[in-house]
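K.L.:
If you want the building blocks of each chain, they are given just below.
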Amino acid sequence: MAQHRGRFGVYALEQSAPFIGFLASMAVLTLIIMGLGENPGKAFQGIFKFSISDAAKLAAILSISIPYYLSGLSIVIAFRAGVFNIGNEGQYFIGGMVGAIAGVYFPLPAFLHIPVVIIFSMLGGALWAFIPAILKAAKGISEVITTIMFNNIALALVNFLVNGPLSGLQKGTSLEPQMKKLLPTAMFGKLNGFFRSIGWNVPNYVYLDYSLIVAIIAGVAIWFLLFRTRQGFEIRAVGTSIDVSRYAGIRVNRVQIGAFMLSGAIAGLIGLQEIFAIRGFYTYNLASGLGFDGIAISLIAKNSPIGIIFSSALFAFLKQAGYGLQLFSKVPNSVTYAIQGIMILFIVAINEILIRAARSLRKKEVA
Amino acid sequence: MSDALLEMREITKSFPGVLANDHVSLDLRPGEILALVGENGAGKTTLMKILYGLHRPDEGWIAVRGTRVSIRGPRDAIRRGIGMVHQHFMLFPPFTVLENIILGEESQTAGVLATARQSRQLSALMEENKLVVELGARVEDLSVGIQQRVEILKILFRGATILVFDEPTAVLTPQEVVELFRTFRAMKAQGRGIIFISHKLDEVLEIADRITVIRHGKVVETMDREGATKQRIASLMVGKPVLLEVERPQVTPGPTVLEVKDLVVRSPRGYDAVEGLSLSVHAGEIYGIAGVEGNGQSELVRAIAESAEVVSGDILLEGKSILEDGVRERREEGIAHIPEDRQKYGLLLPFSLAQNLTLGMHHKPPFATRLSIVNGKAIRESARRIIATFDIRTPSEETPANALSGGNQQKAVVAREMSANPKLLVASQPTRGVDIGATEFIHRQLVKARGEGKAVLLVSADLDELMALSDRIGIIFKGKIIKEIAHDQAVKDEVGLYMTGEKAHGAA
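Taken in sequence, the protein lines are chains A and B. No gaps in the numbering here: position 293 of the first sequence is 306 in this note's numbering, and each next residue is one more. No gaps in the numbering here: position 201 of the second sequence is 570 in this note's numbering, and each next residue is one more.
Quick caveat, the hints were computed from the structure, so don't treat them as lab data. Incorrect hints may appear among the rest.
Which chain A residues face chain B? A few, computed with CB under 7 Å, are given here [what the hints assert, rightly or not]:
#1 I65
#2 D67
#3 A68
#4 N205
#5 G206
#6 R209
#7 S210
#8 W213
#9 R243
#10 Q244
#11 F246
#12 G262
Every beta carbon over 10 Å from chain B, so not counted as near; a handful from chain A, in silico [as the list claims (entries may be wrong)]:
#13 Q183
#14 A250
#15 V257
#16 A362
#17 L367
Where a beta carbon is used, it is the ideal one built from N, C-alpha and C, also for glycine.
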């Protein structure tokens, strides 16, 4: 029993990097606030008020973390397979657009229309991952380069299509380049009523919509795939060692192409909330950077589909904290981004140190 | 002991959880060759790393020529006249021999390299130590044996009087070993001291003046060569009596299992590494491949067990060509493979031992259901069976592979490949870097496979191993089998001559 507790201690130590990193970066934030001549107490009060002070604020964090989670999940799959998909930003833009096309042009009843737009969003994302995946598998061309390029191509393509053939801009409405409005059958409903009925007072302005369900299903499915299926085992094996995998008869190329496209498919889901629940139309001006955030979210959580629940919530918290900071003090928003970067650095570095410490402790235990 | 060239006294070094050296003492006299023997993990390497300044001892001290010294790094070691020839050479392949040797010690005249004087110096060193190398040759064009000479010259050039050799013969042909030992004797005659680390007890008994045996971080005994026997050293190393000879019961070979016909294999570097090679291995037969490394062995193995680029020719398993098959199909058809570099190819280190023991079979029932769901219970049960059968020492089957000792990792790979119940077992350098106990285990497994009617293709750089185990030995030279010798006709020196191409096919 004592030994068991010891092992748990080592495990806890191994997992504590995010907490230590969070506290350390908050300490840095305090110093910055003081350096700017602000009162840290007031500033942190602002953060608190805007992020976790009540049920409504917590609901907002949950809402914001949905796209973050999906973006992180997309990266988890790719990184587990040793594929450095830096392209989920582009996959997300293309996926959203393909989903929106289905949402605008396919007249379907709601019970069909919603699954169809979800599937089309995934297909769009997977499609955008397909070419870099093939280039990597067939010609060994680094996916880091191709996916970055494909991000640019995606943005240019979306820009062209939304301003051109797919433009739904009507005179006198809005100047924002956009597609036609989605058919009402494709719109995601909200779950706020459900949450209220179980006693969580989620205000109307917070979007807890069907994309939350999509995120939960996707998370469970990816977890199951990675840890309970042979394909998932092969993905993790390939990500651990291509040499060993090839030696063991695993078809490395096939596994990586599959993981790459699945990563793209999940990336296609990132925009669901903004397009199908919040805006109701597709635009070139979707929140940018969500794809890249997924890399950090996955990294912090050591590419764990469970861990990214917390790291995506952390990112959502930081976003809200930034608003609070701006409103209640003179700390500029750019500081929040800096703190985000510092936090990631802290967590990754501390994690490395803790893993080494845990390893030597374990060795002691074995010996 | 003030006449000693080197004294190490009561050296103790612990790493988290391991006492690598426990009050180890040894001394080396001028003009002496001291052999340091012990199993993997016995603490030889740690001791030598301390001597070379790569580790600091927790306790104990080192004295060179009677003066206590503190060695903080290789630079300090070299200044004190301590040099080391590593198993993996520290050379720049595109540079010439001369450039490699003088690197960091260049003498200049007005900013221009003054190589003439240094090459004269080197010529003298080569002469004295019987180490002939062409100074202008590029290192990448040299054989492993010659590269080793460059390494030795490098440390002699830096004035080493104490030379440490970490398993120097592991990569050499018998002839090269003879020449290395000639150099050893020449250096000895000049009053230099040599510490010789080796697993090969025959060599130890041939060249060493004294032998220090280390086990579990402690010196078990230091003995003179006179009176030392292989049996005694091996038992001291392992801590219990060891069977050095492998018993090979009579087996009548069955039908042909593997047939390689006029095979040409392109190496990843673009040239044909295997050029028209033919051989066949029967059921119940161990076919050994002898040869100097780099003559196409790795490419041949890759062509059979993996899918290297075959230019022409054919590989047949029980009469059917396998050229079109991927690794998975080949495994399913009954080819098992103990890879040369087990650290790199054998195990998924962060994964559990159980998962590693089913790797390669993981995609089939019972380990994965038809719907591809992983069956953890079947994997663990199979693993427990393999662990028991092959006596793998592990806390449990859930232990990650990287928590196992090196020897047990090796065992795990062998156990997995054997338990797949193959028709053909391809074993590539199966005992390289493996200690006596595990070597014995692996040899027994190979002989057992032979007894069960499996065909075994054994590639090894260790001639003794090949001669002890193989029913036939094929000597590979420049991508071809140039000679096949039956078990009872194999003579070590003759095999060695074929390996270097000095004796050609038919000239026997």
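K.L.:
Given A/R243 as an interface hint, is its Cβ closer than 7 Å to any Cβ of chain B?
P.N.:
With a minimum Cβ separation of about 4 Å from chain B (threshold 7 Å), the hint on A/R243 holds.
K.L.:
Does A/D67 pass the interface hint, meaning its C-beta sits closer than 7 Å to a C-beta of chain B?
P.N.:
violated, 43 Å
K.L.:
Quick check on A/S210 please, does its C-beta sit within 7 Å of some C-beta on chain B?
P.N.:
Violated. Min distance 36 Å.
K.L.:
Would you check whether A/I65 satisfies its interface hint, that is, whether its CB is within less than 7 Å of any CB in chain B?
P.N.:
violated, 36 Å
K.L.:
The hint names A/N205 as touching chain B; please verify it with the least Cβ-Cβ distance against 7 Å.
P.N.:
violated, 37 Å
K.L.:
Tell me if the interface restraint on A/Q244 is satisfied: Cβ within less than 7 Å of some Cβ in chain B.
P.N.:
Constraint on A/Q244 satisfied, holds at 6 Å.
K.L.:
Mind verifying the non-interface call on A/L367? Its CB should be farther than 10 Å from each CB in chain B.
P.N.:
It holds; A/L367 is separated from chain B by about 15 Å at its closest Cβ, greater than 10 Å.
K.L.:
Would the least Cβ to Cβ distance between A/V257 and chain B come out above 10 Å?
P.N.:
violated, 5 Å
K.L.:
Report holds or violated for the interface hint on A/G206, using the least CB-CB distance to chain B and a cut-off of 7 Å.
P.N.:
Check failed: Cβ of A/G206 comes no nearer than 37 Å to chain B, outside 7 Å.
K.L.:
Would the least Cβ to Cβ distance between A/A362 and chain B come out above 10 Å?
P.N.:
A/A362 is indeed farther than 10 Å from all Cβ atoms of chain B, at 20 Å.
K.L.:
Let me know if the C-beta of A/W213 comes in closer than 7 Å to any C-beta of chain B, holds or violated.
P.N.:
violated, 35 Å
K.L.:
Per the CB criterion, is A/A68 less than 7 Å away from chain B?
P.N.:
It is violated, given that the least Cβ distance between A/A68 and chain B is near 39 Å, above 7 Å.
Violation of the numbered hints given earlier is confined to hints 1, 2, 3, 4, 5, 6, 7, 8, 14 and 15; the remaining hints are satisfied by the structure.
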